[in-house]
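K.L.:
These are the residues of each chain, in order.
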Amino acid sequence: MKLARFLSNISIFFLLIGCSNNRLIENSDAINIDVENFADVNEFFENSRFVILETNDSALIGSRCQFDIDDNLIVAYSEESGFVVFDKDGKLLKSFDHQGEGPEEYIQVTDMFLHNDLIYVVSGYQYKILAYSAKDGLFQNQIILPDSYTSATWLDDKHLALCAAYCSPSKFNIAILNAATGEIDNRFLPYKHYNSLTFGSYSSFIGRDDDGVYFGLPFNTDLYYLTPDTCKVVESYTFNTTDHMEPVAMADVNTEEMYELYKFKRCVKYIDHFYAISDDLHYQIFELQCDQGILPHICKYNPKTGESSTLRINAELFDEFPYMTDMPQTIKNGYYIFAKQAEDVLRIDEMTGSTRFADLGVTEESNPIIFFNHLKEN
Amino acid sequence: MRKIKVIFTLCVFAALIATGIEMQRPDTYISTAMLENIQALSESESGSESGGGGLDCSYNRKTGQCSIYVGAEGKVELFGFGILHANAEGYVRVDAEVVCYSDGNATCKPFECYELYSLIIDRERE
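Order-wise, the sequence lines are chains C and A.
Note that this note's numbering has the first sequence beginning at 41, numbered continuously upward.
Note that this note's numbering has the second sequence beginning at 5, numbered continuously upward.
None of these hints come from the bench; they were simulated from the model.
Quick caveat, the model's predicted, so the values are computed rather than measured.
We treat Cβ as the ideally placed atom computed from N, Cα and C, and that holds for glycine.
Which bits of chain A does chain C cover? Going by a derived footprint, with three or more residues having C-beta under 8 Å, they are:
1. 61-74
2. 93-102
3. 106-119
Just chain C, with the same shape it has in the complex:
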């Protein structure tokens, strides 16, 4: 009996320091990120290439577009255009849209991602994820969710990671769904205040490695790592910003109130993409409200020593990387991948006295250009 009680206490202890982690910001082991002094762009990037997406009157991508990219395909989604699929060289393959209330349709896309030539569409408010063939746009299957979740990604062949971002009546930020059984195997990070508020510029799943995925949460600057069985904070960041968020336990976060409180504040409200080049070199992306509006930033740091440097993006055009002005759509294979509207690319050319993209046939009505900037590995 005593042994059982002891084991029970130990279990509770590990649960408390592990996935029910409520700490925010305050952490002596945190990586301190400087947002007042900035490094040179050449310390972060070493080369750049781009793909011009084919323009076709029947497949014009809107300005508010979400992308996912793998080794072979580029998928774009916007409410105006639906899904548009290109090959890795930008050749248009297929466009489709299955908006509707039918069993193989979605009402609102809260997230989408590519996996094994399938496009997965998270329709959070309909409690389901639908899979369509990227090649022909045909419906393949659907996964019914026990609650509404705003985003999802595959953890392994069997498990889907679901993120609520405080936007699910389940009141757990993370759930691990066994796709074969339809059952939730694990739930992590509980909260009290369910608000149906989602953030257009926030991404839940911000990186991955062979064993799991990294994610961040709104009004939180911790980096979390998730496997089918575990969930833990792997990095905490602090920023020398003008404003700071008051520490709030995760369970008490009220996104409606905090959005109104911090909307125009000069503080980092959540972290964006993360990429580990090696055990000694990590990249962390975030946005920050500055005198020039919201600007992307990249921090490059050594997690062992805490040494870091920061690059502010879009405060000025970089001579070597003039188009490098945006947040990444994703980071894969060491490439910081972002999409730029054709009119913005042409405007930058005009500002820099170049005709590079006009010479390549790009017009203001063209589909976006995808840039692949390679992150330095040292």
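Could you slot chain A onto chain C? The hints should help.
P.N.:
Frame of chain C, contents of chain A only:
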């Protein structure tokens, strides 16, 4: 049923207070289109919880960023924030937009980017 009525009354009360505070701010510009949106929200979606008609509390909100093109050397004054300079591309991006979708659990007042533009134009005219 009584509980539903109490919740509904609280929601209406909170929405009226929020709207009232917003309209009393001397510097706040509320466009005709925005007022029409609020009115439309008040009149539509008269779900069973609201007892038929009136402001509904069942919305999802999605926030977004406004990208305002002001030119490379441009500056804007945004309500509640101050003066911002254009970024390298000539844009100013801020958190502001709010889009409302049905079937959630919140009241929702849409806030669109053109309202910021209107504010800027008004200030420039002064």
